[in-house]
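Listed below, chain by chain, are the residues.
Protein chains: 2
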Amino acid sequence: GDWVIPSPPSSGTWQTFVVKEESVWHKIDKSCPMEYAATITVNPLTALRMLEDFVSLASAGDSLVQNGATSIVGQCVIQLARHRGISTINIIRDRSGSDEARENLKALGADQVFSESQLNVKNVKSLLGELPEPALGFNCVGGNAASLVLKFLREGGTMVTYGGMSKKPITVSTTSFIFKDLELKGFWLQNWLSLGKVKECREMIDYLLGLARDGKLKYETELVPFDEFPVALDKALGKVGRQPKQVITF
Amino acid sequence: GDWVIPSPPSSGTWQTFVVKEESVWHKIDKSCPMEYAATITVNPLTALRMLEDFVSLASAGDSLVQNGATSIVGQCVIQLARHRGISTINIIRDRSGSDEARENLKALGADQVFSESQLNVKNVKSLLGELPEPALGFNCVGGNAASLVLKFLREGGTMVTYGGMSKKPITVSTTSFIFKDLELKGFWLQNWLSLGKVKECREMIDYLLGLARDGKLKYETELVPFDEFPVALDKALGKVGRQPKQVITF
Numbered sequence: 001g002d003w004v005i006p007s008p009p010s011s012g013t014w015q016t017f018v019v020k021e022e023s024v025w026h027k028i029d030k031s032c033p034m035e036y037a038a039t040i041t042v043n044p045l046t047a048l049r050m051l052e053d054f055v056s057l058a059s060a061g062d063s064l065v066q067n068g069a070t071s072i073v074g075q076c077v078i079q080l081a082r083h084r085g086i087s088t089i090n091i092i093r094d095r096s097g098s099d100e101a102r103e104n105l106k107a108l109g110a111d112q113v114f115s116e117s118q119l120n121v122k123n124v125k126s127l128l129g130e131l132p133e134p135a136l137g138f139n140c141v142g143g144n145a146a147s148l149v150l151k152f153l154r155e156g157g158t159m160v161t162y163g164g165m166s167k168k169p170i171t172v173s174t175t176s177f178i179f180k181d182l183e184l185k186g187f188w189l190q191n192w193l194s195l196g197k198v199k200e201c202r203e204m205i206d207y208l209l210g211l212a213r214d215g216k217l218k219y220e221t222e223l224v225p226f227d228e229f230p231v232a233l234d235k236a237l238g239k240v241g242r243q244p245k246q247v248i249t250f
Numbered sequence: 001g002d003w004v005i006p007s008p009p010s011s012g013t014w015q016t017f018v019v020k021e022e023s024v025w026h027k028i029d030k031s032c033p034m035e036y037a038a039t040i041t042v043n044p045l046t047a048l049r050m051l052e053d054f055v056s057l058a059s060a061g062d063s064l065v066q067n068g069a070t071s072i073v074g075q076c077v078i079q080l081a082r083h084r085g086i087s088t089i090n091i092i093r094d095r096s097g098s099d100e101a102r103e104n105l106k107a108l109g110a111d112q113v114f115s116e117s118q119l120n121v122k123n124v125k126s127l128l129g130e131l132p133e134p135a136l137g138f139n140c141v142g143g144n145a146a147s148l149v150l151k152f153l154r155e156g157g158t159m160v161t162y163g164g165m166s167k168k169p170i171t172v173s174t175t176s177f178i179f180k181d182l183e184l185k186g187f188w189l190q191n192w193l194s195l196g197k198v199k200e201c202r203e204m205i206d207y208l209l210g211l212a213r214d215g216k217l218k219y220e221t222e223l224v225p226f227d228e229f230p231v232a233l234d235k236a237l238g239k240v241g242r243q244p245k246q247v248i249t250f
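If you're matching them up, the sequences are chains E and F in order.
For the first sequence, counting from 1, position 181 maps to 181 in the UniProt record's numbering; every step adds exactly one.
For the second sequence, counting from 1, position 101 maps to 101 in the UniProt record's numbering; every step adds exactly one.
Bear in mind the hints are in silico, worked out from the structure with no lab data behind them.
Any given hint could be a false lead.
Intra- or inter-copy, both count: the list cannot distinguish identical chains.
Unchecked claim - The calculated lysine to any residue pairs, modelled on SDA-like cross-linking and capped at a C-alpha distance of 25 Å, are:
id	residue 1	residue 2
1	K122	T16
2	K151	F226
3	K125	W188
4	K218	F229
5	K180	V42
6	K180	L131
Please construct the entire structure, taking both the sequences and the accompanying hints into account.
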């Protein structure tokens with residue numbers, strides 16, 4: 001039969017059989033890898049909406065800055081931005097394996113990758129080289145990593161918070177608002193999906209899956225048979241091994 | 001002769017004689033008290049622009065929250081909001097004389113006045129009574145007083161920072177952005193004035209001076225002869241007595 005996914009995304013796909021109105025299903029091109037079809041409406045959709053909804057970036061020549069760049073959203077941001085000619089400045093954690101993480105992100109198209117400790121300098125903008133000051137920043141970490149995004153932003157720039165991995169709040173100086181005219185906002189995909197944008201959602205899914213099929217949007221997933229669900233859960237929670245996205249097969 | 005003030009506001013009015021293009025002067029109705037004409041383009045203009053530029057408040061039935069409510073901007077916000085049927089929730093410092101400050105603000109039209117310690121409760125919104133949750137907040141203090149403004153805001157609300165009297169930064173939780181969808185922005189009058197809004201500026205001056213003339217916009221000023229400039233300076237800096245706005249007369 002056909003491959004379909006619910007669009008707009010809904011819960012309840014973890015079912016052997018389900019009958020629903022035809023209108024809630026979106027047919028998927030089978031030439032696209034199944035694991036991308038299964039995950040496209042989560043992290044890649046978040047990345048795409050955040051690129052579109054906040055700041056009108058020039059199609060080429062602008063830049064953005066993000067922390068948590070190794071996350072799947074972060075990886076998608078790098079690739080989607082690169083596809084439009086937008087440069088990315090990426091901030092990652094200091095940890096073992098950060099050199100490898102840096103090379104992986106550069107292979108995806110990242111222009112600059114810094115670990116937090118590398119940004120412990122007086123003027124982070126001196127590290128930008130030829131890149132323009134970013135007008136848009138994404139924060140999924142909080143704490144110091146959020147402050148670093150703010151430091152990179154140009155006057156009048158916007159930082160969008162979509163996660164808080166460090167569990168630390170965001171601290172902002174008064175001058176950032178008054179003299180640098182920064183704006184801080186939030187993004188939550190569920191909110192966007194609740195706006196009833198059925199048509200836009202399907203167009204975005206096709207766009208993203210097209211990029212995935214053509215090898216222009218990549219992120220690591222691991223297909224796991226249902227029988228190995230407990231192991232997949234441990235991996236997803238970081239208890240075992242690395243943490244590629246776990247996709248259960250039936 | 002006529003009374004004039006430079007519009008848009010410019011520096012260099014501290015002069016006995018000055019010759020400039022007629023176009024930079026705005027003629028003032030002499031029935032308006034001189035001390036208001038001299039100060040109208042500073043704090044009252046800030047209050048008016050902040051009310052207009054960020055959130056479309058319903059002409060009646062909406063509310064806003066602000067800290068630093070005893071400042072002249074704060075007093076103007078209360079009166080301009082009241083004039084439009086917008087309720088105000090006002091946060092003041094804990095200090096001797098705060099009861100008197102509360103009564104003064106209520107006399108200007110404040111709906112609710114809380115000292116910071118009164119807001120040390122689990123759910124500040126339980127204190128709103130019949131007032132709607134505010135969609136707009138003004139922060140000129142930072143630190144805990146800014147967090148209190150954020151706590152009062154309704155989902156999707158906006159906090160505008162225009163000062164940092166406590167010299168402490170603003171701390172924001174990740175959930176405020178993602179799940180409460182708050183926006184944080186800044187306001188600086190100098191920036192607005194640099195946008196070349198000559199006509200709007202004159203209309204606002206006339207509007208505000210009209211309110212002042214009719215007794216609908218009040219704030220305390222003290223007229224000081226030029227000879228007493230050193231005392232005026234000490235008062236303005238808070239070294240002597242209370243701190244009404246010092247207006248020098250020649």
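Right, here's what the structure says about each hint:
Taking CA atoms no more than 25 Å apart as the test, K122 paired with T16 passes in neither setting, with 57 Å inside one copy and 46 Å between copies. Within a single copy, K151 and F226 get their C-alpha atoms no closer than 45 Å, and across copies no closer than 44 Å, so neither meets the 25 Å cut-off. Taking the shortest Cα distances, K125 and W188 sit within 25 Å of each other only across copies (24 Å), while inside one copy they are farther apart (29 Å). Taking identical chains as interchangeable, the C-alpha atoms of K218 and F229 lie at most 25 Å apart only when both belong to the same chain, with a minimum of 24 Å there against 69 Å between chains.
Taking identical chains as interchangeable, the C-alpha atoms of K180 and V42 lie at most 25 Å apart only when they sit on different chains, with a minimum of 20 Å there against 33 Å within one chain. Taking the closest pair of Cα atoms, K180 and L131 come within 25 Å of each other only inside a single copy of the chain (19 Å); across copies the shortest separation is 34 Å, beyond that limit.
Against the hints set out earlier in the document, violations occur for numbers 1 and 2.
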